[in-house]
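With the sequences and hints as input, model every part of the structure.
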Amino acid sequence: MAGSGTAHMRSTDSPVLTVDDLVVEFPVGRKQKVHAVSGLNLDLLPGETLGILGESGCGKSTAGRAVMQLPSPTSGRVHLGERELTGLKTRDLRKARARMQMIMQDPTSSLNPRRKVKDLVAEGLAIWGFDGTAEEKEARIRETLTAVGLDPTVVWDRRPHELSGGQCQRVCIARALMMNPKVLICDEPVSALDVSVQAQILNLLERTKEQYDLSMIFIAHDVSVVKNISDRVMVLYLGKTCEVIPSGDMETRAAHPYTRMLLASIPGAGDREVASSAAAVELPSPLNPPSGCRFRTRCPLATERCAAEEPELRELHPGQFVACHHPVG
Amino acid sequence: MFMPRKQTPEGSSLTRTQLGAVGAGLLIAGLALLVVGWSAPLVLFAKAVLVLAGVVTTSQGLSRVVWAVRGRRPDILVWLCSAWLVLLITVALLAPLLPLGEHVDVASALTAPTYQTPELLSEHPLGTNNYGLDLLARSVYGARTSLVISLLAVAIGTVVGGSIGVVAGYFRAGVDSVVGIFTNALLAVPPLILLIALGTVLDPKIRNIALALALITIPSMIRLARANTIAFAQREFVLAARAMGATRLRVMVRELTPNVMLPVFSMMIVMISVLIVAEASLSFLGLGIQAPEPTWGNMISEGEGGTMQDFPHVVLVPGTFLFLTVFSFNLLGEKAQKRWDARSAKI
Amino acid sequence: MTSDYLLEVDDVRTEFATSRGLVRAVDGVSLTLRPGETLGIVGESGSGKSVLGRTIMGLITNGPSTTVSGTVRLAGQDVHAISASQRRKLWGPKVAMVFQDPMTSLNPVKKVGVHITEALRLHLGVGKAEARERAVDLLKKVGIPEPARRMNQYPHELSGGMRQRVVIAMALSCDPELLIADEPTTALDVTVQKQILDLLASLSTTLNMATILISHDLGAVEGRTDRVQVMYAGRVVETARTQTVFNAPSHPYAEALLASIPRLNDPPHTILRAIDGTPPDMANPPSGCRFAPRCVYAADNCRTDPPVLADLGTALEPHRVACHYPLPAPGVTPPDLDPAGLVKEKN
Chain A
694 MAGSGTAHMR STDSPVLTVD DLVVEFPVGR KQKVHAVSGL NLDLLPGETL
744 GILGESGCGK STAGRAVMQL PSPTSGRVHL GERELTGLKT RDLRKARARM
794 QMIMQDPTSS LNPRRKVKDL VAEGLAIWGF DGTAEEKEAR IRETLTAVGL
844 DPTVVWDRRP HELSGGQCQR VCIARALMMN PKVLICDEPV SALDVSVQAQ
894 ILNLLERTKE QYDLSMIFIA HDVSVVKNIS DRVMVLYLGK TCEVIPSGDM
944 ETRAAHPYTR MLLASIPGAG DREVASSAAA VELPSPLNPP SGCRFRTRCP
994 LATERCAAEE PELRELHPGQ FVACHHPVG
Chain B
362 MFMPRKQTPE GSSLTRTQLG AVGAGLLIAG LALLVVGWSA PLVLFAKAVL
412 VLAGVVTTSQ GLSRVVWAVR GRRPDILVWL CSAWLVLLIT VALLAPLLPL
462 GEHVDVASAL TAPTYQTPEL LSEHPLGTNN YGLDLLARSV YGARTSLVIS
512 LLAVAIGTVV GGSIGVVAGY FRAGVDSVVG IFTNALLAVP PLILLIALGT
562 VLDPKIRNIA LALALITIPS MIRLARANTI AFAQREFVLA ARAMGATRLR
612 VMVRELTPNV MLPVFSMMIV MISVLIVAEA SLSFLGLGIQ APEPTWGNMI
662 SEGEGGTMQD FPHVVLVPGT FLFLTVFSFN LLGEKAQKRW DARSAKI
Chain C
167 MTSDYLLEVD DVRTEFATSR GLVRAVDGVS LTLRPGETLG IVGESGSGKS
217 VLGRTIMGLI TNGPSTTVSG TVRLAGQDVH AISASQRRKL WGPKVAMVFQ
267 DPMTSLNPVK KVGVHITEAL RLHLGVGKAE ARERAVDLLK KVGIPEPARR
317 MNQYPHELSG GMRQRVVIAM ALSCDPELLI ADEPTTALDV TVQKQILDLL
367 ASLSTTLNMA TILISHDLGA VEGRTDRVQV MYAGRVVETA RTQTVFNAPS
417 HPYAEALLAS IPRLNDPPHT ILRAIDGTPP DMANPPSGCR FAPRCVYAAD
467 NCRTDPPVLA DLGTALEPHR VACHYPLPAP GVTPPDLDPA GLVKEKN
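Chains as they are written, first to last, in my numbering: chain A, 694 to 1022; chain B, 362 to 708; chain C, 167 to 513.
Accuracy of the hints is not assured; some may be wrong.
Some chain B residues near chain A, calculated using beta-carbon distances under 10 Å [as the list claims (entries may be wrong)]:
no. : residue
1   : PHE593
2   : ARG596
3   : VAL599
4   : ALA601
5   : ALA604
6   : MET605
7   : ALA607
8   : GLU616
9   : ASN620
10  : MET622
11  : PRO624
For the record, the hints were derived by calculation from the structure and aren't laboratory data.
Note that CB positions come from ideal geometry on N, CA and C, so glycine has one too.
And the structure:
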């Protein structure tokens, strides 16, 4: 918000994941707090991919982790299917959230350097137990490794530092798949990878989603990547939703000035005026976000109304929701 | 295009054969120095200088020969230190089976010469003390006591300190501040004074001395384990494990401990050397294991009262054992630290 | 001998002796740059692009574990043949460098103004007041609002983009003839990256300053440099006018790299043309063409004979490609190859 509101929530369907009014604040120093996420609402339908787009510091990673209850949000409710995750006892929470899995940015850091691939992938089974013989267990691990494009015989006894970044990310995906998740939360899964390897992982995520019947939340800062993999894109700015838009022709239909600025920032093409007008202004501190629309300090279209009144998400076109008093176009 | 591999071993400007020749020359010269230094009828000081020069030259020669053969420069000091420790530990373990002289029973040493100077091929190669007890045997049995005490103490200190450190580093907040006060309090007491205080209260038995020494290692182990746990707990693999449903205990035992173990292990090696010195100091002060039961510390204290001026070997023999062992543990610990720190930084 | 080139790099090789063996990070790279010309060097991590930049700069020179061969002639001087103090005199007035992370290029305890005035006073010998005046001018030139106030701030008080502007201002302080920017935007936020790239491009035009822009991001180079040089595993695979490489790449790697990036105009869920495999281990690179193991067009001789850079272009517009089977101009389908067949992902 730029803005708040629930206009974009689809009540008719039965979502796999619903997030209501999620708020994450971190106390810093005396009486101050970082407003990382302020009132996030989202729903995720079966088989859908929701892209979350924003600069660093917009709260997108924090939101992803708060959905996983790692750590639990300051307030707000998260439902995975029918089950409410917020306020569960530790033991129940551990069990319930295992159906959501996370893929993180730095694949080498998200694997324990002292463990071998076979143990890393089997970790979920080691925690929750496996009904079956040791052979069945090994067969399952091999099958999953093959599914993510790794040769089990080659990587079986390797440790993370003996693998490339792309291979580590594949191990992370295999490990998540072993948990039979319903929802996969990918937090910048390709930004630490080599350019030539990114496409492999994006294709793999797309394919696994089909094969394992997953729903996905894909968090990234790269507009092209998010558009490519998502059905719906949510744009965040300083912990608030700016725009929710079907990914289809978002590059032409985007109406929020911030979304337009992100589109313009793609090296190569785009309108330079929007980008340059916001050039001099820096991201405001999340300790003390601007009143009204949080984007107004960098917005070329901002008026007095934007400072006084916080815009609500409203439907501009079917399926496209914008929290802005002066949407573009 | 194919480039022929250079004939020069890595890091050297000489070719393989040249390097090998230089190494062989140094090796022979070094060995000659050793022989002359040991057997020539010179004053003790000149002998020591010659032997030392021999050791240095021999090791340099050996290192160059290995360098020429394997193509990579070996760390000869590490090999020498490891060799010394392996030898010492083997001999200490097998002491009762070896044909050593009498080490503790004064009565059975009545016929043996007292204060005999070291004579390599005699019955007492490293000489005898005032009771005629064999110094080689006493040094070997002394090694048993020293090693048992310091290993036991380090083991206790690591297990206790390491687990407290991991728990404090993982939970932070309340636990951490309580642990912090405890560690700082322990560190505020000078270790030797603490040991002397404990030594006067406790029975001088191996178990008690080990417990007292463990107390010295605990605070530094806590600090090390805590700092490493904090660093590793911020890595994403901890978050990943929790996302999969791992309990906090599992995260600490299975995820964090194996990573914290490496730096702790290299610290353990350094600690062993510190504790060997501490134990020797206690024994020297008469607060450790009591004579005639030998430890390096009480053997050195036999040189008190003018004995050292007349018979320096009584002090020099256990002193050399102590020096070499402490030096070796220190060096190996340092190497281990360097290697494992660099590696975890890379990962 | 005088030439009309500002920079001539001839067959440069940079090798590092590591514990895993000899790593030839840059393997026979040549390039030339005229005054005022801009060149983009594009490659993935491990392609040797940053090492090349530092070798040109003279930051990497022969050392105990580093070997540099070939010549780098900058403004008539051989960077690797002159003394270290002569080389330092080149840095600033002749060549300057901007690094990836602006925070590490700035001293956290020095104010912004001090960073710039220091360079001015050291290299140009101007007085305190004049240096300050010039520094304010420089900050204005790199698009920093309220430059006089920023002079008194510390680096941590600025945002990442502003810090990188300060670093650029420092680099410009002695009017260098060549600016090497090594991944200048990788550590910055998406919305800021373009601003910095545009700033560099416009500065090089207005100041008529030759620029080398090193990046892993093809988009960063597109439209901002005259020529581009694509590197893979230490070697140049293609070099031509930027527009040519983007519109009609001739090397399969350049083509595949361009095709593997998601395009904003493509509909969602477009399957990307991924490049199989991973970049090679530089301690043990493949013989023959280094891209051959990942190349869909590779034939048997690609795996054995390394291709040389051959010129496909004209005298006016050189277009050099290191490939046995360079791709034809667009519109011509290579025989026996169904472009649709490449779309399917192979794992």
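- Can you give the numbers of the hints that this structure goes against, from lowest to highest? As far as the earlier hints go, only 11 is violated by this structure.
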